[in-house]
Structure formats: structure tokens, C-alpha cells
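Engineer: Put the two chains together into one complex; each comes in its own frame, and the hints tell you how they fit.
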Amino acid sequence: MEAFAAESGGMPQLNPEFWVSQIFWLTLTFGILYVVLSKLILPKISNNLESRKSQILENIEAAEKQREDSEAKLLEYEEIISKSKLEAKNIFNQAREKALKDINTKKEMLDNQINEEINKVEREIGILRESAPDKINTIAIETSSELIQKLIGAEVNNSSISAIVDDLSKRNGDKYYGN
Amino acid sequence: MAANPMSQFDVYRIGPEIKVGTFDISFTNASLFMIISTFTILLIFNLGSKKNKLLPNKIQLLAELSYTFVSKMINDTAGSKAKPYFAFIFSLFMFVLFCNMFGMIPYTFTVTSHIIVTFVLASFIFIGVTVIGFIKHGFGYLKLFVPSGVPAVLLPLIVVIEIISYLSRPISLSVRLFANMMAGHTMMKVFGGFVISLGIVGGWLPLSFSVALTGLEILVAFLQAYVFAILTCIYLNDALNLHH
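These protein sequence lines are chains A and B, in that order.
Going by this note's numbering, the letters in the first sequence line up with residues 1 to 179, in that order.
Going by this note's numbering, the letters in the second sequence line up with residues 180 to 423, in that order.
Chain B on its own, in the form it takes in the complex (with noise of 0.2 angstroms):
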């Protein structure tokens, strides 16, 4: 590992270059770890949902805990309509949280601190939520840049601001997650770098500190994929109950 905090970031070929036409889609360690966080998902879903026992196990505790948690945050904020969204969100919410918190885990990469990651998905949510809107509610979706009992000189502006502040959603959930991601674990890095440059001596001070960073990263890692997830179910909310 090199010492530039940026280096833990970099995303290098494992296995041969593989193309598609122009493509290259060759296997990288990103690609790994969006695969040990999917095995690992499916791995503890499955064993949680494998038996039915009245009192349940540990594991099996821990997925209908997750479920009840997601089930009950999407009906909070988008309510019942949601319910065909539901395995989206929860596959969503579960991704983020597992990519996130694999990066924690020294010398791994963390798939969510890369923008183009972060933002397919965002555009992915940002298309599919648009699409529901359309169909659902046709041309009146646009209703959804009006608001109401806004005075009329100030609705052609307003107008605007709905209009791009909606264009910007799936620019701000995707920075908003990738910014964090990369903050964090490069703070760590050059606090880690601080303790090894100032020695036995004085390197007690970074190391403390990167040990209570480590602690406030592992809280930011949950709470940017509840923001992801909860932020989906509030423009799916949009699409399904127009308000306005």
C-alpha cells in the first residue's frame, strides 16, 4: 500500500483484461467486493430465512429484524403503495450497507466511495422513480413542479427551482454517498499515515484519534445507506401519492 491516501481508492484488473466490443469489462477488485457483499447478503438472508422456528436463532433473528426494519421504513415514508418496491429497496439499502461496510475492514476497497457506482444507482432510482410517476399519474406528474398556494408571480420561478432541484436528485444521493465514503476513509488513511510519520513518540495522538474515527466511520457507513435507502422511499412517495 502506498502512502498517497488517494492509492486505497484506485481500482486495478485481478485475472485477464476481458472486452465486450470496445468495452472493457475486465474483473476488478471492485468487482470482487460487489460480489463478497452480494454472497455475503444472500449468504446470512438465506441462512435467516432457511428454518421457521418460533423462537428464532440468532441469524434468523437478524434477517427478519432487518426485513421488519426496512418494511416498516418504507411504509413510514412512502406508505402501503410501496409495497411492490419493497425487495428494491431492501436489496438497495442491504448493498449499500455491505459495501460500505466491507470498506471498513482494512485493505479492502469500498465499491460505494466511487462516483460512477454510486451515481448508476442514483440514476437508476432517479429513472425508475420518474417512470412510476408517469405511469401512475400520466402527464399530471408535472404537477408535481407546481405547488400549490404559491402566489402566481412567483410560480414561473418556483417552477424552475422544483425543476431543477428534481434534475439534482440523483446527483446529490450520489455524491452524497460517494463524498462520504471517500472523506472518511481517507481521513483514516492520513490519520494512519500521521501515526506511522510521527513514530512511538508521538504518534499515540493520530492513533487515538484514528481509533475513534474508525468508530464514527462504522456509524457513518449505516447511516449513509438508511439516507440512501430512506431518500429513495421519499421520491418514490413523490412518485406514488402526488402531494402537491
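Chain A extracted, bound-state conformation (with noise of 0.2 angstroms):
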């Protein structure tokens, strides 16, 4: 064989010596990797990608959903939050409320007594000082007359000591009591 390809120029792909036999091998070779390739080998990995395809995309979907799901419940969440601060917000604002009402209402009534208290004894001193000048008269009156029995031990009409009396007291007052 090595002498025929010497002869022929040395290219044994030009000796047709096994052409025949190349061509039978390369076409029963050839089918039988077309032939399972084909029908066995290539369905399956086609199989296998479109499976894997759509599981990631069913992944990706689940994924998805339950983005969604927690999206919602962070919303809810979150109006829950601001409900509840507008309900303390309220709470409080009433109760400020109610506790400035009871303060009014018990300086109201405070105010009151004092100025029944006040008036109460302003009247007080309104008779006290109505009263004051006669008490002091009868004072006066009392004294002088003993006082004028002691001087000149005679009786003295106490009747008309208290007219001298009243006389003076009428001119007098007004320095005294300031009226």
C-alpha cells in the first residue's frame, strides 16, 4: 500500500483502492449517529431545556407573587401604623380637652367662693362699722359721767351728758372716721 501511494505521487487520498469501503463506513456511521442523535439523543436535551426554561420561569413567577404579596401586606402595615397614630392623636386631643374644661370649671368655682367669701366679709365690716360710733358714744358717755362724779362728786343727768356728747361726736367724726 505504502509503495502504491509512493507511486502515485504520494497522495494516498487520490488511491481508489478504498474508496468503496470509506463510503460505506462513512454513510453506516454517518446514519447511525443521525438516526439516534435524532430520534433519541436531541428530543430529550431539547426536553430538558424547555423544562428547565419553564421552570425558571414558573420560579420567577412564584417569585414574583409573592413580591406582590408582601408588597400588599407592608401597605396594610403601613395604614395600620397611621391609623393608629391619628387614634393616639385623637385620644390625646380629648383629653387635653376634658382636663382644660376642669380646670375652668374648678376656677370657676373657686372665683365664686372667694368672692362670696369677700362679700361676706365686707358686710362684716359694713355693720362693724355702722355699730363702731354708738359703742364709742356709749363709751364716751359712760366715762365722762364718771369722770365728772369723781371730779365734782355730784350726779350728772346722763341724759345730757350724751346730748354733749352726740354734739362733739357730730362735730368730731368726721375727723375720726374719715366719712
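Hints were generated in silico from the structure; no laboratory data involved.
Among the clues, some could well be false.
Chain B residues, not near chain A, derived (Cβ > 10 angstroms throughout) [what the hints assert, rightly or not]: (1) S210; (2) L386; (3) H422.
Label pairs and their computed distance ranges (CB to CB) [to be verified]: (4) A/G31 with B/P195: 21 to 31 angstroms; (5) A/Q55 with B/F313: 54 to 64 angstroms; (6) A/G31 with B/A331: 43 to 53 angstroms; (7) A/Q55 with B/S351: 39 to 49 angstroms; (8) B/G258 with A/A63: 31 to 41 angstroms; (9) A/G31 with B/G317: 28 to 38 angstroms; (10) B/L226 with A/K53: 16 to 26 angstroms; (11) B/L226 with A/N59: 21 to 31 angstroms; (12) B/L346 with A/N59: 50 to 60 angstroms; (13) A/K73 with B/N420: 51 to 61 angstroms; (14) A/K53 with B/V369: 47 to 57 angstroms.
Glycine residues also receive a C-beta, built at the ideal position from the N, C-alpha and C atoms.
Structural biologist: Below is the structure:
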């Protein structure tokens, strides 16, 4: 064979001795390869790829859904928080208003009481003031009569003394009471 | 192994001579490597498609990446109409790729370095594509040879050129693959021979060249398989989507 190759100028490819054999074996092996690949193996690979793709898509879909769910939950949660904040504010305001009202009523009550007390005391003072000159007059009359008795040893009519005292007190009353 | 750089392409009989009628279909080293390639492809893709894990292991990833690679290549060049021919182009690409790659192992035989093998593959593609074209478009497929927008004066010339270019497709397709494989392997053998003849003193230069060439040849082995497959897709595209 090598001798033949050498003789034909060194190109074994151009030696037709095994051409038929090569064509036969090529057809056979390539035919088997094609049939097995196309009927058995390639559909399986295609199937594997498809199923992986669909599974990935499914997973992405599930993840998307879960994300949406969690977002909805978050919104709900925020709503609850804002609602409870509003409620707390309301309660606070109500409490404040109530406290202010209580303070006002208490204050009014106290003011009234104080006013009453002041009025009462003022009335008492008025009474005292009115009765004060009479008492002073009586004291003055009694003191004067006793003084006169001690000085001159004679009884003096109380009525004449009281007349004098009245007269004096009327004249000097302004000086003492400032009215 | 003989020193003759062409002797690596010798085909020799393994086992007895088998004859069917006048045809000799004996089992040869070429047959052996066709079977090894086929078996390896089937083994890898069988392992790669057996279990369907959501996170693929290495071999499954390899199978699936190859699948999507070829699938994308067909879709990009020939469109979605080429889907029924996916299995054929996938087998073709894998067969050529594995035959090329097995040829890169020292002392192996490169199936695709034989013109008869590549020519049979290319002829099959050529005949198949032509048949598909006539089935899809009837005699309208002949419009492929009449490009639109060409001046009437030039038309006869253009038609002749188009017909010649169409008929030369199987030749260019098969010779491209065969010549690339043969030239690369011959060159590696020649440089390997230089290493021996120049000895320990001067052999380093051809050796380093040989190493670089091995890398290049692995690239070429992949590239030629890719080119073979993509040209098939382009021819298929002509047959499926008549653009002219």
C-alpha cells in the first residue's frame, strides 16, 4: 500500500482502492449517528432545556407573586400604623380638652367661693363700721359721767351728758372716721 | 511510521477483506476512526442528556451548550424554517468536529483528511439542499440563478456564473475541509521530521514551531467543522428562503 502511495505521487487520498469502503463506512456510521441523535438524544436535550426554562419562568412568576404579596402586606401594615397614630392623637386631644374644661370649672368654682367670702367679710365690716360710733358714744358717755362724778362728786344726768357727747362726736366725727 | 509525511494518510485494512459483489467494503483504519468518533459523540451526548438536573453537571452543560450553539447558528443563518434540519446539521457538525479532533492525537488517522469522505458529505448536502429547494419552490427554485436588479445585457453572463458557482459548491465545500486537514497534518509531520533530523542542537526551533502549530491545528479543526456546518446552513437558507 505504501508502495502504491509512493508510486502515485504520495497522495494516498487519490488512491481509489478503499474509496468504496470509506463511502460505505461513512454512510453507515453517519447514518447511525444521525438516527440516534435525532430520534433519541436531541429530543431529550431539547426537552431538558424546555423544562428548565419553564421551571425558571415558574419560579420567577412565584417570586413575583410573593413580592406583590409582601408589598400588599406592607401597605396594610402602614395603613394600620397611620390609623393608630391618628387614633392616639385623637385620644390625646380629647384628654387635653377634658383637662382644660375641668381646670376651668374648678377655677370658676374657686372664684365664686372667693367672691362670696369677700362679700361676706365686706358686709361684716360694714356692720361693724356702722355700729362702731354708737359704741364709742356709749363709752364716751359712761366715761364722762364717771369722770364728772369723781371730779365734782355730784351726779350728772346721763341724758344731758349724752347730748353733749352726741354734739361733740357729730362735730369731730369727720375727723375720726374720715367720712 | 514512515518518514514520508504523506504516509499518515494511508488507509489500510484491519482484519479480513470483506467483499459485496465487486465492492470492497473491508474494515479499515478510516472505518475505525469513524466508529470511534460516532461512539464518542453518542456517549457524551447520551450522558449529557440522561439526567435532567436544574443545575446541570459538566457533561450535561457540554451537551446543552453544544445544542444551543448549533441551534443558534442554524437560526441565525437559515431562520426558523430550518428547524427540521437541525438534527442533520448537528450530527454533521459533531461528526466533522470529532473526526478532526481525533486526528489531532498522535498516531491516529484523520477521517476528514480524505477527499472522498468530505466529498461524499458535501455531495449529500448538495443533493439534499437542491431537492429541498425544488420541493419548496418547484421550478421557481431556478430563480436562484437569476438575481434581481441586473441589467438585461449582463443577465446571460450572470446566470452562467451563478450556475457554475452553484455546481461548484460541493467541490469547494469538500476540498476546503480536506485540504485544510491534509495541509495541517502534513506540515506538522514535516516539522516533526525536522526535529529528528536537526537533532538535539538545532531541533528546538522546529519543535517550538510544531507546538505552536498544534495549537493552530486544534483551532483549525474546530473552525473547519464550524465552517462546514455554517456553509450547509447558508445553502439551506438559499433553498428555504429564496431571496433573489
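Engineer: CB of A/Q55 to CB of B/S351, is that within 39 to 49 angstroms?
Structural biologist: holds (45 angstroms)
Engineer: If I take the minimum Cβ distance from B/L386 to any residue of chain A, is it greater than 10 angstroms?
Structural biologist: For B/L386, whose nearest Cβ neighbour in chain A is about 25 angstroms away, the distance exceeds 10 angstroms, so it holds.
Engineer: Regarding B/L346 and A/N59, is the given constraint of 50 to 60 angstroms on their beta-carbon distance met?
Structural biologist: Holds: the Cβ-Cβ distance is about 53 angstroms, inside 50 to 60 angstroms.
Engineer: Taking the Cβ atom of A/G31 and the Cβ atom of B/G317, is their distance within the range 28 to 38 angstroms?
Structural biologist: At roughly 29 angstroms between Cβ atoms, B/G317 and A/G31 fall inside 28 to 38 angstroms, so the hint holds.
Engineer: Are all C-beta atoms of chain A more than 10 angstroms from that of B/S210?
Structural biologist: violated (4 angstroms)
Engineer: Do A/Q55 and B/F313 keep their Cβ atoms within the hinted range of 54 to 64 angstroms?
Structural biologist: Given a distance of about 43 angstroms, which is not inside 54 to 64 angstroms, the answer is violated.
Engineer: Is 31 to 41 angstroms a correct range for the gap between the Cβ atoms of B/G258 and A/A63?
Structural biologist: Because 34 angstroms falls inside the window, the suggested range holds.
Engineer: Holds or violated: the 47 to 57 angstroms window for the beta-carbon distance between A/K53 and B/V369?
Structural biologist: holds (50 angstroms)
Engineer: Note whether the CB distance of B/L226 and A/K53 lies within 16 to 26 angstroms or breaks it.
Structural biologist: 22 angstroms Cβ-Cβ, so the 16 to 26 angstroms window holds.
Engineer: I want to verify a distance hint. Is the separation of the beta carbons of A/K73 and B/N420 within 51 to 61 angstroms?
Structural biologist: holds (53 angstroms)
Engineer: Quick one: are A/G31 and B/P195 within 21 to 31 angstroms, going by C-beta?
Structural biologist: holds (23 angstroms)
Engineer: Can you tell me whether the CB distance of A/G31 to B/A331 sits inside 43 to 53 angstroms?
Structural biologist: holds (47 angstroms)
When each numbered hint is compared with the structure, violations occur for hints 1, 5.
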